[in-house]
Amino acid sequence: MNDWTHHLIIAPVLLPVIAAAILLFIDERSRILKALVSLAAALLLVVISFVLFRIESGPNDFEGVYLLGNWAAPFGIVLVLDALSALMLLLTSLLGLAALVYSLARWHTVGAHFHTMFQLLLMGVNGAFLTGDLFNLFVFFEVMLAASYGLLLHGSGPLRVKAGMHYIAVNLAAALLFLIGVSLIYGTAGTLNMADLAARIPDIEPDRRMLMEAGAGVLGIAFLIKAGMWPLCFWLPTAYSAASAPVAGIFAILSKLGIYVILRLTMLLFSDGPSAGFGSDVLLYGGIATLIFGTVGVLASQALGRLAGFSVLVSSGTLLMVLGINDGAVSSGALLYLVSSTLTIGAFFMLIELVERGQDAGANVLAVTMEAYGDADEDEPEEGDGVTMPGTMAILGICFAACGILLAGLPPLSGFVAKFAMLSAMMGTGAIGVPPTAAVWTLVALVILSGVASLISMTRAGIRTFWSSIEGTVPRVLVIEIVPVMFLLSLTLALTVQAGPAMQYMDTTIRTLANPSIYIDTVKNAIVVESYKDRAGAREGSE
Amino acid sequence: MEIILSIAIGVMTTCGVWLLLRPRTYQVIVGLCMLSYAVNLFIFGVGGVKTNVPPLLTDDVATGALADPVPQALVLTAIVIGFATTALFLVVLLASRGLTGTDHVDGRGDRK
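Residue numbers (my numbering), protein chains in the order written: chain A, 1 to 543; chain B, 544 to 655.
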């Protein structure tokens, strides 16, 4: 690996922060310039993360450790790029690009500093994916959260301010839990470097072990709040549905960030030794509760925004439950599901705003109430001579149907492939003659039922929106608004077509994660770059 | 020293949690401040409570008599971040007060 690609590791953090700094100095009135700078940064980020992903998915052994300030591993802060973080970076940058292009249609003009906050959010998310240090993770988490507070409030209005206030209060409390957890872990293990921590945890004395596990538990709560595990999730549907469309789209990655950290830390810290499997019961049962709560919420949602918010919970619940099973093959299916559901939910949040533009607010609530209590007038509307479907509605309808298929996990899109991968691994298709236990059947039934609930809700909403809209007004949709949605959906299509290589990548990722000594050795053996002085000294000595 | 520190942390956490669950936004923000003070003290205490020892390793300091510098660095970061987010929350609180006309966390006044 040559020098410049090594420096690329820090680029996903540096690029957005530089872009954000430049954007701060551009006057709010020169919108086009701001949009161009932001767009260029987002595009470049996609390119960089794609290059990193290609390197990581290649056959060569990649030493993806970046020593910040050139301090050796346990003393300085490290950034670590491995298969999992490269995947998440690519996902973030693609989703970010789509949300940004979408926002250029109108959302970026409704308030100040949209682009700055957007870039800072990307910086925080990327940093959290890359960092190999617990406290540094806290810092990146806070950067991401601070930017997300601003973005959630973007566009203002009483609803957003109220939801934003709840969101901020919940997340400030979560940040405090994060700090308590981190300091407990530092107090007992004496290090914050994740690799060093993983190496030390199996050897902690029993009297300190309990305190360390308590710290890890408190730390886990902070991430579970972000991921939205029941009963820590009541803020989520409100906050996500109150956010403006592109913001809600990019927020789809935030709940997955919580999942990512949980996956990373449980696989790294608690894979062997006396604390092996710590917390996986909580994940399993919490995931089941979240899945049930999300499913009921999806069925009960009247507005589309809330439907999408509860879909986030369904996907979080599925992931937590599946990660709680703690089995390699199941987890790699879960990883594919994570990618697919992030793309889907991101696209869905952006699509909702376009679809709802044609209706008055509250029309959906009214429609559901009417369904429940029976229509006041049952008269058949007069049959026209076959209404010609406007092109816009057709495209929106196709996108909506695709979202429904993806959320429900029906073939042919990637939602199906991902769920199939998880379920077949759960039921153990490989082992012949071993029937799945009742517990496994229950989990499988839950996953399928949640899909059915999504399908029912999406069909109901779709019929209401596209087939029986009373006013029949066609929403005015700009091309740059529908293209990002179609882009995200076509990515899921690509994921379906390339399901084989994708699954292979996920398998390799999980196998690497399941063997923490690889991570530990890579970080600990990272070589400090020789300083200029030493090199000069060596040359003088040899002469 | 340790007992005073732990009592202080406990009392502040108790007050903070109680205030956090109150219905008025001002109480919530004071509760969050209290909690963050408690957490900051807690981080500080994790490094071990020592008086009159330097956090820096120099030639004339025995390695045993050394305050752990890492929690001190952590607490500084936590203070800065906590301060910034509290200030941000204060702004949102005022915006909510202006938009809804009440300081209730749900934007609705109490039923009298």
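None of these hints come from the bench; they were simulated from the model.
Idealized CB from N, CA, C, for every residue including glycine.
You may find that some hints are simply not true.
[To be verified] Partial chain A-side listing against chain B, Cβ under 10 Å, derived: (1) I26; (2) E28; (3) S30; (4) I32; (5) L36; (6) F135; (7) L145; (8) G155; (9) L159; (10) A173; (11) L177.
How the hints compare with the structure:
1. I26: violated, 23 Å
2. E28: Violated, because the Cβ-Cβ distance from E28/A to chain B comes to roughly 18 Å (cut-off 10 Å).
3. S30: This hint is violated: S30/A lies away from chain B, its Cβ roughly 26 Å from the closest one there, beyond 10 Å.
4. I32: Violated, about 29 Å.
5. L36: Constraint on L36/A not satisfied, violated at 28 Å.
6. F135: Check passed: Cβ of F135/A comes within 6 Å of chain B, closer than 10 Å.
7. L145: holds, 8 Å
8. G155: violated, 12 Å
9. L159: Holds, about 9 Å.
10. A173: It holds, given that the least Cβ distance between A173/A and chain B is near 7 Å, below 10 Å.
11. L177: holds, 9 Å
In summary, the structure is inconsistent with hints 1, 2, 3, 4, 5 and 8 from the numbered list given earlier, while agreeing with the others.
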